[in-house]
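A.B. asks: Spelled out from the first residue to the last, the chains are:
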Amino acid sequence: MATSQKAARLGEEVWKTRVDKVNAELVTLTYGTIVSQLCADYDNDYAQVNQQLDKMGYNIGMRLIEDFLAKSNTGRCGNFRDTAEMISKVGFKIFLNITPTVTNWTADNKQFSLLFDENPLADFVELPDDGRAQDELWFSNIFCGILRGALEMVQMSIEARFVSDVLRGNDVTEMRVTLIRYIEDEMPPDDE
Amino acid sequence: MGTVAIYSLFIINKSGGLIYYKDYGSAGRMDTNDSLRLASLWHSMHAISQQLSPTTGCTGIDLLQAHNFDLHCFQSLTGTKFFVVCETGAQNMEILLKTIYELYTEFVLKNPFYEMEMPIRCELFDLNLAQVIQKDRVALLGR
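If you're matching them up, the sequences are chains X and H in order. Sequence positions in the first sequence follow this note's numbering and run 235 to 426. Sequence positions in the second sequence follow this note's numbering and run -15 to 127.
None of these hints come from the bench; they were simulated from the model. Since the model is a prediction, treat every value here as computed from it, not as a measurement. Be aware that one or more of the hints could be misleading.
[Claimed, not checked] Straight-line distance between alpha carbons at most 30 Å, and here's what the computed DSS-like set of lysine-lysine pairs gives: (1) X:Lys240 with X:Lys344; (2) H:Lys119 with X:Lys289; (3) H:Lys82 with X:Lys250; (4) X:Lys240 with H:Lys94; (5) H:Lys82 with H:Lys(-2); (6) H:Lys119 with H:Lys82; (7) H:Lys(-2) with X:Lys344; (8) H:Lys119 with H:Lys94; (9) H:Lys119 with H:Lys(-2); (10) X:Lys305 with H:Lys6; (11) H:Lys94 with X:Lys289; (12) X:Lys305 with X:Lys289; (13) H:Lys119 with X:Lys305; (14) X:Lys255 with H:Lys82; (15) X:Lys255 with H:Lys119; (16) H:Lys94 with H:Lys82; (17) X:Lys305 with X:Lys250; (18) H:Lys6 with H:Lys94; (19) X:Lys305 with H:Lys94; (20) H:Lys94 with H:Lys(-2); (21) X:Lys305 with H:Lys(-2); (22) X:Lys289 with H:Lys(-2); (23) X:Lys255 with X:Lys289; (24) X:Lys240 with X:Lys250; (25) X:Lys240 with H:Lys82; (26) X:Lys250 with H:Lys94; (27) H:Lys94 with X:Lys255; (28) X:Lys255 with X:Lys305; (29) X:Lys250 with H:Lys6; (30) X:Lys289 with X:Lys344.
Throw the hints in and build the complete structure from the sequences for me.
C.D. replies: Next up, the structure:
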């Protein structure tokens, strides 16, 4: 648990000293506009919207990771459990001032859940009641893409997806993160 | 005083392509082809140095010292490399490289129209970089 406390301290410190803040509503409203515009553009094909959000997040994550590394001044994580702690207590902390709970580890330490007690993206949001959005749209799906993009840049191939969302009437907002593999160094294959 | 502490700065992407080059000294100026070749050469040498290491967890060359220049290299965890060629014994180059890395995350990666892994053409980056280098030179001259 030492890593967890260290990560929490680090996140707190970076958040306090090195991050520019903006009005939370600006973020919420901007993101809400993007999602609703996507829904309009894709004729409420929510599967497509989820996919687009994920793709946008992926592109953000690939860039954001360097900012994260530069700000947090951190080295490589020893294992996937440390990675999870860093994501929650430093990553989410410095960019959104939230620390989702890391839980539900599988025995092989390759899969965990992030429980979002609060989610700045989803304040004020009520999903459209067309009978489908509640079952098909993952409103905050951009998070999944961001994690995937960011971790890919530091040699981790992962899959992230939401499994429940309070917006849909579930009790918790839960994201499932699975480590697929560590991407080995991109050495040229045996050029002897 | 014609003392110039830093001769040149290179940034190479994770596949070894030169994405930024700037020279500051009158000495050691080179044309585009040479700088490109040198960058990919350094990329390979950096990779080889990791294989050469007898211990695990080696992250490659940080400092190369020659009798008339030093080369300081910083590699981020994503594999982007920043290196400066400077006078021998120039101090605080790690801090300078870290600062340049921060400028890169700020003014290059956060520019939505910058394409990842492509050559850097961002005015704000140039501007801020010039300031940082200028400051550093003054500091070095004032020693």
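A.B. asks: Now, for every hint given, state plainly whether the structure supports it.
C.D. replies: Evaluated hints:
{"no.": "1", "hint": "X:Lys240 with X:Lys344", "result": "holds, 22 Å"}
{"no.": "2", "hint": "H:Lys119 with X:Lys289", "result": "violated, 40 Å"}
{"no.": "3", "hint": "H:Lys82 with X:Lys250", "result": "holds, 20 Å"}
{"no.": "4", "hint": "X:Lys240 with H:Lys94", "result": "holds, 28 Å"}
{"no.": "5", "hint": "H:Lys82 with H:Lys(-2)", "result": "holds, 17 Å"}
{"no.": "6", "hint": "H:Lys119 with H:Lys82", "result": "holds, 15 Å"}
{"no.": "7", "hint": "H:Lys(-2) with X:Lys344", "result": "holds, 27 Å"}
{"no.": "8", "hint": "H:Lys119 with H:Lys94", "result": "holds, 24 Å"}
{"no.": "9", "hint": "H:Lys119 with H:Lys(-2)", "result": "holds, 29 Å"}
{"no.": "10", "hint": "X:Lys305 with H:Lys6", "result": "holds, 25 Å"}
{"no.": "11", "hint": "H:Lys94 with X:Lys289", "result": "holds, 17 Å"}
{"no.": "12", "hint": "X:Lys305 with X:Lys289", "result": "holds, 24 Å"}
{"no.": "13", "hint": "H:Lys119 with X:Lys305", "result": "holds, 21 Å"}
{"no.": "14", "hint": "X:Lys255 with H:Lys82", "result": "holds, 23 Å"}
{"no.": "15", "hint": "X:Lys255 with H:Lys119", "result": "holds, 27 Å"}
{"no.": "16", "hint": "H:Lys94 with H:Lys82", "result": "holds, 17 Å"}
{"no.": "17", "hint": "X:Lys305 with X:Lys250", "result": "holds, 12 Å"}
{"no.": "18", "hint": "H:Lys6 with H:Lys94", "result": "holds, 21 Å"}
{"no.": "19", "hint": "X:Lys305 with H:Lys94", "result": "holds, 14 Å"}
{"no.": "20", "hint": "H:Lys94 with H:Lys(-2)", "result": "holds, 18 Å"}
{"no.": "21", "hint": "X:Lys305 with H:Lys(-2)", "result": "holds, 20 Å"}
{"no.": "22", "hint": "X:Lys289 with H:Lys(-2)", "result": "holds, 22 Å"}
{"no.": "23", "hint": "X:Lys255 with X:Lys289", "result": "holds, 25 Å"}
{"no.": "24", "hint": "X:Lys240 with X:Lys250", "result": "holds, 15 Å"}
{"no.": "25", "hint": "X:Lys240 with H:Lys82", "result": "holds, 22 Å"}
{"no.": "26", "hint": "X:Lys250 with H:Lys94", "result": "holds, 21 Å"}
{"no.": "27", "hint": "H:Lys94 with X:Lys255", "result": "holds, 16 Å"}
{"no.": "28", "hint": "X:Lys255 with X:Lys305", "result": "holds, 14 Å"}
{"no.": "29", "hint": "X:Lys250 with H:Lys6", "result": "violated, 35 Å"}
{"no.": "30", "hint": "X:Lys289 with X:Lys344", "result": "holds, 23 Å"}
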